[in-house]
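Those protein sequence lines, which keep their order, are chains A and B. Quick note on numbering: the first sequence equals residues 7 to 340 in my numbering. Quick note on numbering: the second sequence equals residues 22 to 297 in my numbering.
No wet-lab data here; the hints were simulated from the structure. None of these values were measured; they are calculated from a predicted model. Each hint should be verified, as a subset may be incorrect.
[Unchecked claim] Computed beta-carbon distance windows for the label pairs: (1) A:P77 x B:L105: 52 to 60 Å; (2) A:P77 x B:F46: 33 to 41 Å; (3) A:P112 x B:R24: 55 to 63 Å; (4) B:I146 x A:R136: 53 to 61 Å; (5) A:D300 x B:P188: 46 to 54 Å; (6) A:A284 x B:E201: 46 to 54 Å.
[Said to hold, decoys possible] Okay, the calculated bits of chain B under chain A, using three or more residues with CB under 8 Å as the criterion: (7) 81-91; (8) 110-118.
[What the hints assert, rightly or not] Residues of chain B clear of chain A, computed beta-carbon distances all greater than 12 Å: (9) V32; (10) T182; (11) G199; (12) M213.
Don't be surprised by glycine CBs; every beta carbon is placed ideally from N, CA and C.
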Amino acid sequence: MGSIALDHVNKSFGDVQVIPDITLDIKDGEFVVFVGPSGCGKSTLLRLIAGLEDTTSGHILLDGQDMTKAPPARRGLAMVFQSYALYPHMTVRDNIAFPLKMAKMPKEQIDAKVEYAARTLNLASYLDRRPRALSGGQRQRVAIGRAIVREPKAFLFDEPLSNLDAALRVNMRLEITELHQQLKTTMIYVTHDQVEAMTMADRIVVLNAGNVEQFGSPLDLYNKPANRFVAGFIGSPKMNFVDGAEAAKHQAHSIGVRPEHFTLSRTPTPGAWKGTVAVAELLGSDTFLHVNVDSFGLFTVRTGGEDTYKHGDDVYLTPEPTRIYKFGPDGKAL
Amino acid sequence: MARNVSTQAKVGFTIGAWAIALLLFSPILWVILTAFKTEAEAIANPPTFLPEHFTLENFGAVQDRSDYIKHVTNSILVSVGSTLLGLIIGIPAAWSMAFAPSKKTKDILMWMLSTKMMPAVGVLIPIYLIFRDLHLLDTVHGLTIIMTLINLPIIIWMLYTYFKEIPVDILEAARMDGAELWNEITHVLVPMAVPGIASTLLLNVILAWNEAFWTITLTSGRAGTLTAFISSFSSPQGLFLAKLSAASLLAIAPILILGWFSQKQLVRGLTFGAVK
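Can you make the complete structure from the sequences, with help from the hints?
Take a look at the structure:
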């Protein structure tokens, strides 16, 4: 079991309020991602759940039990750190065995569990090495191994992939997702990378300045962003926004169109926005055009990899009428 | 950044370094040589460099007059005892300052260091009276306590500096792995800080070994350490240079040997915090 509930949690460091008031309900077995720009309080929120920071007010419940004041060692949660935080003076075997040793498990049982975890994570041949003799990916696997052997109520991941190179990051992303499908244990995963959030999460919490902007499934966030912040944060490349008269035509304070929701044309089209291609980024499968739209500024448009637009070309952009997002003056979706 | 140094400059630096080293070492060398001379030769004018009549009689005389073995035992008990006691108090103190600091932590550190700036003689009378009333005068445990208190600021400062270099993530990982405070310190912090703790231990053994002021004022016959032993030979009853040298040699030999074998740790200890 591993349901986690936050009830009006507040955290301040001195006079600085990092998290004003958060209430969240995370179900047992869910994969929840906290995503937001740096400094939005996502790591602090995770550390509050872990017990590494004390809440200023509010309650944290694990499986319905109030754990607000419990020290981290008593909460039964496991954490994987961005820096891996392996014990440098211990071998891989001792690193993975450490939580079991702390739980005073009999030695034979520890050995069996360590062997099993090492086989699952392809670490069997490295068990007698020290962490410094391992690559980044292997270190991250050891950190995950150390977390899974103790069969925690929930896993907490604090930006675990940001120290890895791009190719390895994609691999580890898949491994963690697979691990979740295998173990079906609650996981909370903190990242600033919205691609990680979209691909891994059952539900995403979008945080901004310590507030929950939206909590929902990845496609909910993509299709029905609650406000302009979520609309701009979820989706890659970012949504394009237009204010003023053009927005007023749609009875909104501002409107947004995603790069993938335009129809392009080289010839004037009624109702289309005229622009000039500034940069064309050819990815093969897609092309990202950065278009200077008259009177609106720089737009990003996604088009097929076969399209041959280049710098200086005139283009006419027609937004798909059903895919125009409208926002009020307070940024909320209309 | 590599610097180009000419061969002449290297030769010059080497000669200069040797000259300074020999100059600093010459009093110790003189003590060593004099210890093996007769009293007459020790004060001869002009002095001889190497002993003409090599003799061990000074050492015998020294042991006869005041018990060397007893003083060595006291020195070991006081220096090792006070250092261990200091580490037992210092490790948790440095842990809390490095990993759970409060607003006042910096002030406390400065205050502890400031106690070392005061001349020891300033508190001689109160400490002497306290020792007298608690019957701690001329006792090994009394001397161990005062030595612990004197060196505690240095022990805590050194440990604090080493602990600061340990990433807090690793201690937090231990907490998440179910380690209570005691296990966090014994299984994770201390093993990672072994080099720093070893340097602290060595430096403090040496400081306590060489401490003379409190040893001489708070002990007489029973609990005297080697510093009291040497000073008893520089008495006004007559100058026995050869015997004084023999006594000094006996007193510094153990710590000289210890220092020789732990040079690496000591250099790290003395330059702590200077470079990462």
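Each hint tested on the structure:
1. A:P77 x B:L105: 52 to 60 Å: 30 Å, violated
2. A:P77 x B:F46: 33 to 41 Å: 55 Å, violated
3. A:P112 x B:R24: 55 to 63 Å: 60 Å, holds
4. B:I146 x A:R136: 53 to 61 Å: 55 Å, holds
5. A:D300 x B:P188: 46 to 54 Å: 53 Å, holds
6. A:A284 x B:E201: 46 to 54 Å: At roughly 60 Å between Cβ atoms, E201 (chain B) and A284 (chain A) fall outside 46 to 54 Å, so the hint is violated.
7. 81-91: Per the Cβ count (0), the hint is violated.
8. 110-118: Coverage by chain A is violated for the region 110-118 of chain B (0 residues, Cβ < 8 Å).
9. V32: 40 Å, holds
10. T182: 19 Å, holds
11. G199: Given that some Cβ of chain A is not farther than 12 Å from that of G199 (chain B), nearest at about 4 Å, it is violated.
12. M213: 6 Å, violated
Violation of the numbered hints given earlier is confined to hints 1, 2, 6, 7, 8, 11 and 12; the remaining hints are satisfied by the structure.
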